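Visitor: As a plain string of letters, each chain reads:
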Amino acid sequence: MSTNMNKKYDIVIAGGGVIGASCAYFLSKQKDLKIALVDLKKPGNASRASAGGLWAIGESVGLGCGVIFFNRMTMQQADATGEDLPPMRPHVLPDYFFEFALKSNAMYPGLWQELKDNHGVDFKFEKTGLKYVMYDEYDKMYADSIVDHIPGLIDQVSWLSAEELAEDEPYINKKSIGALEFKCDHQVNPYRLNEAYLEGARQNGVDLFLETEVLSIEKQGNKVIGVETDAGFIGCETLINAAGSWAAQLSKMATGIELPVYPVKGQIILSERLPKILKGCVSTTDCYIAQKDNGEVLIGSTTEEKGFDTTNTLPELKELVNGAVKCIPMLNDLNIKRCWAGLRPGTPDEFPILGEMPGVEGYINACGHFRTGILTSAITGKLINDLYRGLPLDMDITPFKYDRFLKSTDNESIKVGEADQEVEIA
Amino acid sequence: MSQISPVVIVGAGTAGISAAVELAQAGIHSIVLDEAPKIGGAVFRGPYREAIELPHLDSKLRKKISNIRQQYHDHQAFIELRLNTRVLGPAGTSSLLIRHKEEVSELTYEQLIIATGCHERSVPFDGWQIPGVMLLGGVQLQLKSGLVKPGQRMAVVGTGPLLPLVACQLHKAGVDVLGVYEAGKFSDFAKESRALLNRPVLALEGMGMLSYLKANAIPMHYGQGIVSASGEESLNKAHFAKYTDDWYPIEGTGTSLELDCLAVGYGFVSRNQLSQLFHLEHDICPISGLKPQVDAWQQSSQDNIYVAGDSVGILGGEGAMVEGRIAALSIAQTRQKVTPAQANNKADEYFTLLHKVKSFRAGFDRIGRRREGLLSLLTPNTIVCRCENVTRSAIDKVIEQGVKDITSLKMRTRVGMGDCQGKTCNSYCQDRLGHELKNPDVGHVKPRFPLDPIPFSALSDGVQL
Ligand SMILES: Cc1cc2nc3c(=O)[nH]c(=O)nc-3n(C[C@H](O)[C@H](O)[C@H](O)COP(=O)(O)OP(=O)(O)OC[C@H]3O[C@@H](n4cnc5c(N)ncnc54)[C@H](O)[C@@H]3O)c2cc1C
Ligand SMILES: Cc1cc2nc3c(=O)[nH]c(=O)nc-3n(C[C@H](O)[C@H](O)[C@H](O)COP(=O)(O)OP(=O)(O)OC[C@H]3O[C@@H](n4cnc5c(N)ncnc54)[C@H](O)[C@@H]3O)c2cc1C
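Residue numbers (this note's numbering), protein chains in the order written: chain D, 1273 to 1698; chain L, 16 to 480.
One chain only, chain L, in its complex shape (with noise of 0.2 Å):
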């Protein structure tokens, strides 16, 4: 292994950075690429940056992570940062594709750290297009910019932490929140009390969030979640039912809200795209999608691959932040910067963490696992892929037929074939096919290369002749 060549990231987010930063620690000099113009990634970033300061981390954590910046800072030396800049994909067997600007070019790497976080997950149900109805990721970009409030009456439907978190941020910026409908169980969250006092400071914060809310007569329901969203132009009217074990509507139960803004979070997705164009192996995840295996030491099944963060499951900016720092130790090991001792007694406390981590996860994971009852709430005529059209009764039209992997699905609907490749719908066809089959192996939607499109020009000597 050459000891001059750096390491390339992928993603400057938390788990990205605190690989460079450790990186450099061993004196190993790293190039960190972004898409986004500001090194943090989704949480961290210019408009996210608010969320540090809601009660989500303990404040001994909050300083480690928001010191993103000036560790960078402090290890500039080591770490070449490359803002704007897309990585499109793997060129040939050891480059990367990668686009900034206008230009498109190769970029070549020895040993890889894939660290591209998540995205969220969508759930389609009869009305999720109207507009007005958003994602909760989206809700916090339009309040963390500061200009414009999503909405004047709104609710927070789904599952998982981030709902009451949310809610607090809408109630404080001054919209009206009509409610927040936590499809999880109360009795749940007892049960998991156990682990998510994992976290003992994350878990007291979020009661806090639900003290907030108590006091300002925002109710919070569990057990209850979305049946449907209405409206002609805009979103005017979502409604509510309390759900049944499995997650269906149960009839009778239904209430009605009229709002203008709907703002919907049933998780999230890891950012497996790069990591799919790879040929990484990838296991099936319930929670977070399609995840690239790695070793303790997020090694992949490419020996100078590694995959960090969000991108090979969700658990957060602790997580991220330790994963990063894993990975940044273990190939600092294969380029003999520290011993296998040395390595071993850094990792021993991240290792710790990380498994304090994933126990508290897995709480939260275990309340929110999707259950089939969310497939019932399109009609027909409901569109499940946005770039393309295409229904539920086309779908299942096919299923009928026999369909029974997303690649004979996709090439039979076009679902899952437009710009967004896959991501608003992938979700619900894995969902679907995997219910109808009793089976969750049901291939995946194969994400295409480039990862956006690249203009001919980019490509070309210009017209000729």
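Next comes chain D alone, as it looks inside the complex (with noise of 0.2 Å):
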């Protein structure tokens, strides 16, 4: 398309997942700068795979996407020692991932009526809450913990009995002792959300060239001046890495650096559609559940490395099916209609990766959102707009940008702080 050739952009978003739409939709906004998106969806590409989950202090200790990774390394360790299961430690994130998470959760609520009303498309998001069922005492001392981690939030978090939890979730396992529920994790539907953002883009001015792909990006001496794609040279003076797992392959084209951004492949459960059956989304120790808007229960998810295969194994969906039924038993009687894999952008300490890198301009990363972007998304593209403009930020977002990993090559190694080592999640 030599249309495009001498056309050229302020800013050139590379990846059209929530994150590069979110932060296209924040851009846009003001309607004053010339802004492209360059998508094209790569088998696997996590927005659209995603269970939609705003599980912002859930996701936050380890619940949601998380789950079956830690639970599998409690087991682990319990063979180990030789000894019961020991009390499972939960794994909580610092606080200023809390801060990450809970701002971009609170601008749900105000960013969907913007969207539904400014722009006509509806994501859908649903006040659902997140309870964590507990089939034992060891579930009951892990609820202990993360309750115990997170005195800040105390009025958010809230124990329902076995009684309690049966009245409010009726098909729950009768034979579960109770929930401790996080009254502000609530979910959407994903892939609205990303064409929700796109859409409202796309009425601000933004240009979308979909079903295209960055090829190679053009410098002039450290700065980037364009992208060739398969239709064609897109100037710019800005870009945007927001390529998801595939963002280290960019990053390497636009700065030599390749940014340590890696798959995480993730298999989810889909029913046939329902009659509801679920108030809230559920996580266990197995998996997670939650009920979709149209009726479809969704079942997650696995925690893989396997770089970019996204087939769907039986051992893995098995997995969770067993998990699932376990919690809601009448599920062994029902369908399921669909499987899939995706793979969520993960990095080594499981933080994004925002904000400029050294030594190159005219480029900006956005991701590396793991196992969160979807929660994530509102805050990166207003963060992302706001610095791009030099306004103030809503947070602090050193921990967020590149930098964090050069400071420690000095000892040789990726690795962000004690937490993470014990989890080895790289």
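There may be inaccurate statements among the hints.
[Stated by the list, open to error] Covered stretches of chain L, going by a simulated chain D footprint (3 or more residues, C-beta under 8 Å):
id: 1; stretch: 94-107
id: 2; stretch: 138-148
id: 3; stretch: 460-473
Don't read these hints as lab results, they were simulated from the structure.
Just so we're clear, the structure is a prediction, and the values are computed from it rather than from any experiment.
All C-beta atoms, glycine included, are put in the ideal place defined by N, C-alpha and C.
Both chains are given apart, each in its own frame, so use the hints to dock them into the complex.
Guide: Shown next, in the form of structure tokens:
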């Protein structure tokens, strides 16, 4: 398409998942910039594969998407020590992540209204809460430990007795001993959220180059000046790398440095459409379960490092099914409609990579959102907008800058904090 | 390549069984999977069996193909047939997820032949959902069961060689056939006579059907097609008109018929869901839909996967047989069961026949190429996607918003997200977007995994705790 040849944009966003789309939306709100978004859906792109949980507290304490992984870790630990299951320590992320997650979470009610009213796309924000359902004393100990870790959020949690849980969620296994509910953790329809950002951006004047791949990046000295795509060259002043699990390839082309972003595969199971059987989202130590806006029940999700492989595999699916059937026995009489796998853009310390790259001009990272990119897409878009415009930021993003990896290269490793060493997420 | 591992073949139709037989002749074992309870595929399995009694295939070939079951029996020692077994998709990188009754399991393969056939193309028009409006295949099925006539007063509309065939079958079954409406112009058929003569016997037999229709006063209308169908509870009227070159109905040329059943046939679409789930490279084919890329030996973009028969482009029975055999020969070569010289020698005959079949088919395909006018047959309220109840106007709206590809269309409207996986609505969405954007490459409805729902119980160890 030679028409793009002479077109010069202020900003080109590479990647149109929730992160790229949110950046496009926030940056275009004032309609003062010329912005292009380039996206080719590669197999495994995360946003459309995601569960759509806005589990700000749940994810920050290692429930939801991380649960299978941490569960297995504990089992292994128990096996290794030959003891009974040790009291499991929840995988609680640092305060700055809580801030990031909670601030983003708080934006959704407004964003939902805004995108619906101004741009006509409803991303199905639903206030659901997230219940951590407990089966035994170990689960209870785990829950106690979570609550101990988050004293500042005590007004956002509530305990449900077995009776209260049974009343609230009659289809959950009656043998459960109760639940811990995170009241502010809700859900959206993730692909609708993605579409809503994109449509908002489009209506604000962003040019969408969909089904288009960024093939290489053009530079002049240390400055990015445009991207070569299969639809021609697109010139720009600034490139935003929102390429999800493929961000390392892009950063390599743009900066010579391969970001430590790599795909973490997650398999998901979706039931046939059912009448309402769940009021809220649920996490157990086996899996999480959420009934989506159209009645389908979604069960997730595995955490596997298999490169860019996106196949579904029977043993892992069985594990999810067993976890789900244990929690909601009636599922055993129902059907699985669909399974898929998506690739979370993982980083060694589980935190996103935001902001500039030392030594390169006209380049901004917005990637590495691992298992919470849906939840944190809103604040990411806002932060990137404010950063680009030199406005004061809603929060300190130092812990999310690429530089954090440089500091630790002194001791030849990219590990941040003791907690991560322990779970070896890398 | 292991010498022992059997070749896995999906589809026990013409192509699949032909491949298994050719493999057996080279001393290679195969496992043939088919969801149906019988071998033979769409045409030769049970209810469709009579199709071969009808003037559609020349007698020599008819014999060759109807021999399929016999051939299978002759080579049974090498062929493990697993019927009632549905392939649900790939599991991991070298296994299939299969379902037999309530049981779901994995089957590993080293080499795979996909021979999954085709299904009928749905073309929506005002009233297409009214009970009594049926696809040709459904009509044939009812006929062959011998118990039910699909209707008392019927018409046949669409394009292609199956139209007169079904009309003859209906008439023989005692149905009052009011007319056959072929969208292609008579002059187009005349123009294509050279191409059609690539298979002279088929062409002649086609003529035979036309004289049968004439003798029985069943009018054959060329250059005409459907406008709409109407009826309260069920069909009682269908409206036809002359078509322009682009297949827009010409005002003032309309006729209406009172009838209780309408057979509609606008061609076939390759069943490519499996090949898509394997992420094979595909080409967009205006006739067969998305079709997997294969080389002259039917080898796909993945070395160990072959595709043959209707699933790699609609060619009819002969083509399917030959393609199955060619794929098998290629595999036999990779396993060093035949020398390249032997393979080439044998394949020569197949390549020649395949070439003729393709030229013959291309004639029909040029005549029956769907034109944009078909897109004008929907009112704003006409349902395009039955599973999700998506109307034309819902699609209009998002196209206006700038949607340029099938995936976004699907995400915004839920079109194609239902249980049929877009089997029904994909054709319209593809044609519509392609037409709006003047570009046939609009993406496609991606099949989901597994291809059919599976019970949770098939994967669970039962309720615990
Ligand atoms: C199974 C699963 C469940 C999840 N559940 C949740 C959840 O409940 N809540 C939550 O908050 N998060 C969840 N996540 C995480 C969340 O989905 C991701 O963090 C988020 O989607 C990342 O968004 P992204 O835009 O960075 O990546 P993506 O959505 O992958 O988008 C990147 C896009 O860039 C494209 N691209 C890459 N390279 C190029 C190129 N060169 N040219 C053009 N385009 C390119 C890709 O194809 C892709 O379309 C889940 C993830 C998975 C896999
Ligand atoms: C309704 C209809 C009527 C037709 N009528 C005629 C006619 O009268 N004359 C003519 O020459 N041609 C006709 N054709 C075309 C004809 O089917 C062929 O050209 C030829 O027989 C195709 O052979 P094949 O092996 O490619 O496919 P088929 O013979 O159709 O075999 C494909 C097989 O694959 C199986 N299969 C598909 N997917 C799966 C899966 N996921 N798991 C397990 N099994 C699977 C199917 O059950 C089927 O048995 C007709 C086609 C259709 C659909």
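Visitor: Can the stretch 460-473 of chain L be counted as covered by chain D under the rule of three residues or more with Cβ-Cβ separation shorter than 8 Å?
Guide: holds (count 8)
Visitor: Take the stretch 138-148 of chain L, compare each residue's beta carbon with every beta carbon of chain D, and decide whether three or more fall closer than 8 Å.
Guide: violated (count 0)
Visitor: Examine the stretch 94-107 of chain L: at least three residues should have C-beta closer than 8 Å to a C-beta of chain D.
Guide: holds (count 4)
Checked against the numbered hints above, the structure breaks only hint 2 and satisfies the rest.
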